[in-house]
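Chemist: Protein sequences, first through last, are from chains F and G. Going by our numbering, the first sequence opens with residue 113, and the numbers climb by one from there. Going by our numbering, the second sequence opens with residue 141, and the numbers climb by one from there.
Rather than coming from a laboratory, the hints here were simulated on the basis of the structure. Among the hints, erroneous ones may be present.
[Claimed, not checked] Once the Cα atoms are required to be at most 20 Å apart in a straight line, the calculated SDA-like pairs of lysine to any residue come out as: (1) K297/G with E313/F; (2) K442/F with L569/G; (3) K297/G with R494/F; (4) K483/G with G821/G; (5) K297/G with A476/F; (6) K915/G with Q767/G; (7) K483/G with R458/G; (8) K384/F with E313/F; (9) K327/G with S126/F; (10) K297/G with K442/F; (11) K297/G with Q496/F.
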Amino acid sequence: MNSLSVWLPLLLASIALAPVALGACLLLGVRLREGIEARVALLHSMLVLGATAAVLFMWRSTQTRACEVELPPLLQMHDYAWRAVLLVDPLGLTYAVLVALLYPVIVRFSMPSFFREPGSSRYWFLVTMLAAALWALCFAGNLDALFVSWELIGVSSVMLIGFFRRQVRACQNSLLALVYYRIGDFLILLAAVLIHHSFPEHRFSHFDVDAHAPNALMVGLALLGASLAKSAQLPMSPWLHRAMEGPAASSAIFYGALSVHLGPFLLLRTAKLWHEEPVVLWTMGFLGGATAVWATLVGRARPDAKTALAYSTMTQIGIMYLELAFGLHKLVGYHMFVHAGLRTWQYLRSSSLIQDFQDNPVFAASVHLRRRLFFEHLLPERVQRLFYLGAVRLFWVDAIQQHLIVRPFLAVFRCIAAAEDRLLGRPRGGESAR
Amino acid sequence: MTAANWVQACRPMLPIQNPLWAFVHNNILQMLEDRPFPAALREAAALYRARPYESESFYREQLGTGRIDRATLGAVLLAGWPSAFERPRDADDAVARFLSEPWICDDEPPYELVGGPSAEHLVRYSLRDRPLQDWLVPIIASYLDQGMAPWPNPFVKEGLWAWFCFAVEASPDLAMPWAPHLRRRLKQHLDAGRDVLAIIENETLGVASPQSAQTYCLQTLFVLKGWSGMVHKLETEPQIAPNEAPRLSLTDWLAAMLVSIHALDEWFDAGASNSPAPVPSHYTHGLGRLRRWQEAYERTFGGQMLAMLERDMQMPLRPSNRRAQALVCMDDRMESMRRALEKPERGIETIGTVGFFGIDMNFHALGAGRPSRQCPPVIEPSRTIRELPVEAEGAEWARSRAIGRFGHSLALLLYFRSRSMFRGLLVSLVAGLLSFAPLLLKLMMPGRAHRVRDRMRRLMLPRPATRIDVDGPGGYAPEEQAQIVASILRSSGLVRDFSNIVAVVSHGSTTANNPLRQAYGCGACSGNPGSPNSRLFSMLANRAEVRVALDRLGIHVPPRTAFVPFHHDTTTDLVESLDSHLVPSYCVDEARVVHGLLSDAARESAVERCRRLVPGAARLPEERAFQHVQDRGHDLAQPRPEYGHNRVAACIVGRRACTIRSNLDRRTFLVSYDPTSDSSGTALREAVLGTVPVAVNIAMDYYFSRVDNDGFGCGSKLPLNIASLLGVITGSKSDLRVGLARQQVELHEPMRCMVLMEAPVQRVLDLVMGHPRLKRLVLGDWMRLGRIDPDNGSIELFVGGAFVPWRQAWPEAAEFGSGAVPQAFDSRFDVVIRGTW
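Modelling step: build the complete structure from the supplied sequences, incorporating the hints.
Modeler: And the structure:
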């Protein structure tokens, strides 16, 4: 107990050092020699690996299931103290082990591929920041501590989607991801406010008591909503396949492994709060199931390597939500872990497909066979075709959102802008973008 | 019908890239070769929306480093000084004015695009491509898909147009803001009872004049040029599809594009008037200057190379104690290997020839799903030859084939099942944990992991000894077999002084996780490894009947001479001995020694290559350098497994004696040809026709991908994403990319190929002027032609229709003292790769 309370904050601080240093270099315009950042990231990944092993060891020696570390308060007013709390328990450790295994792999993969790539300094900064944030998130003991990491992960994800910033599509898609993330962030913030407002205790470890507090249902729903955005579950799905603009390495670590699985992680973390709320359970199960079916249908018609993987990831996470709704928490933990490994491998190898199929002598025959076997052949032809078109067009989920939410939203603000212009007597600005 | 003619006229202009599994190097502007180089580039720049030369800043940098010689630039400028400007005093003045006044020599007017809303669209392409791609790319990608998506497109039997119409009609209005426009437009056409051609005509003539209609159609197709090219390719050559080409017609695709683009424009420009005035393409601004820069850049290189060759040819030849001969591919990547082999301590004479060794076959390897093309893209394979297990091992083969099929089926099963719902759950629960093993092993130590895997595979699947079924039905007749061998020996001048062992060395390349794998293979075997060809060639050349026939043709191969096949991997620099059970018993030991020498030379070449791959490699011990290239080849993460044909700039056809004293730094294709034993010119013909067009194709492919990688090439490898199993797109949705990736051509110095032939004037002229494509290439300046005189070694250049001594054509070229290395061949002046990877 004692060693953890000293060492965990220290390790956390040392892990945060690398992204801070790389970020400072970027900010100050210090150009490091090619390869320095990559080496820093390599060392950083080794540090994460070592720190995880150390925490695991210390946790075992405490002989308790969960131990908490309270950091000094950030704000103190009378008898109220606002502080971040760290928590070491099997769930957090599992995720930390996953991070510690996959992060060095990604760093190793990125070293040759980002060599001489313009903007690689940005990449190294963002990926070390991601790792530090993820590691902190694993051991976050209350929502406030978790929120900081959550936010940083979102930032690095958005920035890496737009990594090739000269491409219009990459920038637009990263903006889209940002919008969905912000909705999720807002919901977490809402949950945090509600927790501080009406819960007797804000730590995750006391959520079983809090479950009977007044706003528990609201908090549960807010957390569920927040997790949907990160894990690209319906209705917050349309950003995930658009996130494939970034380099393969970042697609793998974010959307194959460590970032998309944060939804189930957050829910597992807060499970004590909502696991007896039928409303939350039903919503969770329904959305997860719907996403699984929708993403399977859409994914089955995707003809390119990376977005097909995005949809299959979404499908499996949908199933995890179902498992959560059924209370199979252990299974979710295992599923999350192995699924992340599988998808990382598939994303990293996604450029091999032409080679693989070319070298596979049973490919042609087998594909014909496989393509004959599906159920949709039972449907009438017209319906079959409509389904196919729907799958190619994502069943218009994004178009519907665009139509029903984005356009009215923009229209309102355009009206306000116009009114302001009129009020101030300014001529209308240039043609507004559609 | 006129619209049909327009489409027909557009066809040859579309990008000609194959599906990537059958990638071959091409001059991507092959269709424009009948025009002079600058004119073709101007038109291509407008069509591809790309800069056809390097940038002004690049050339200025080269001028700074001396890669462009000031005097050469001056000479180029003076030769083509536009009359509109005051004539400069001398070369120095010309250069000074050229550098300080950016409008000087800018004498090529910009190319004009046909008017109409789409021309506007082309100009403002980056603003408007997204909605169009969002709409059309999923339609065409899912239609052309070759088996990546488990759900096949239900319209593949009915055609693209039916799928397009269905997609327009069945999409709800809210699908896209411009969906109502699109539906209305299509409905008008269909209500008027127009067929596809009539729709094209109607749409085109609505905005363009009948004279410019065809150009308008072409410019429309080039809005999504990669997909258009692929539609055309799969329509005209359905057998090149990786799996099964759907029913396709370029007409359908053009109609779909026209309707979509015009509907989009209508939505964008609602109320704006159509402007049929032509619009200048801004990619064609300032080409006059760039053309001169490029000329000076190439001429500087050419001058340095010729000066070096001229100097080195005066030096005495080293006496050699020859131990063996090696017949190798003419590939520029073999040049370093050849230098290593020819060192006195190894003493192997090398002869460069076409890497397919004259065998124009499709080769169906044992256990492969389909035959691979084993001859250059400029030759059509004449037959398909199978590989069979040696009879004695048939049973073993059956077992290992069964295991192999099981493994391959399992791989496919995992691919498809891991993407479905419940079975995906099972796969991820079971296989997920296992996937950590390859993830960690393969990434952390690629070379070693591969060796372990290879050893395991060989234990589980013993590969039987095989033979190539050349005498079976569809094989080569005995006289053809002798012809093949004779033609290669005669064209390469290997007709006398045979050593006991003649190594026949093919080459190939190992790369992992690389959609462009074929681009690294043997160019003469259409990107496939050349091992079947070297095996077959050696087998034929060792046959007694063939030897008898060779005797009759005047080539006396001593009975003790044995041809032994080897395979060189240009990425990992490993040399493998092939068909070792067929080596005659009396020279097994000698063959083993030669294998050892080849392996040593390959190692030495690996060290030389490392100089460009790893900085500070000069200090790298040989063992580490060798391990490094191994790891590179098997590394999933490595976008630069090797440097391919980077920096290639010339092709020399002649005796190795002309070049053996020079270090050509892997910059030239070297084809052996002996002018003294070829009185009729047939050997020259055989030596040149299989090689020079391939060399030009490779040089031009690299040239274009290098000068504007986003326009002519496929950009950085990092965001590439395989689509439809046909090619790559950038990110989640884009045009199908053509050309090479940036990492592949980074080190290239973009130039046209300089071809030197060691032959008498008349023989060269007869050959070049008698061959339509070579004539086009030479007269249109797509390559520079020169010759080396077989008698006195003087070098001449083909200028203005005749050969003139090269120093007369390029009087400004410097001379190099003995021992001086011209800058173009000096690694100290390379584009240096800094850092660790």
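Chemist: Compare the structure with each hint and give your call.
Modeler: Results of checking the hints against the structure:
Pair hint K297/G plus E313/F does not hold up; C-alpha atoms about 65 Å apart against a cutoff of 20 Å. With a CA separation close to 13 Å, the supplied pair K442/F and L569/G stays within the 20 Å bound. For the given pair, K297/G sits about 15 Å from R494/F by alpha-carbon distance, which is consistent with the 20 Å threshold. Between K483/G and G821/G, the direct Cα distance comes to roughly 32 Å. Violation of the 20 Å bound is thereby established for this hinted pair.
With a C-alpha separation of about 18 Å, the suggested pair K297/G and A476/F falls inside the 20 Å cut-off, and the hint holds. This hinted pair does not check out: K915/G and Q767/G have alpha carbons roughly 46 Å apart, beyond 20 Å. Only pairs whose Cα atoms come within 20 Å are accepted, and K483/G paired with R458/G is accepted, the gap being roughly 10 Å. Proximity of K384/F to E313/F is assessed by CA-CA distance (about 13 Å); at most 20 Å being required, the pair is judged to hold.
Distance hint between K327/G and S126/F is unfulfilled; the C-alpha atoms sit about 65 Å from each other, more than 20 Å. Pair hint K297/G plus K442/F does not hold up; C-alpha atoms about 48 Å apart against a cutoff of 20 Å. Of the pairs offered as hints, the one joining K297/G and Q496/F holds, with about 15 Å between alpha carbons and a cut-off of 20 Å not exceeded.
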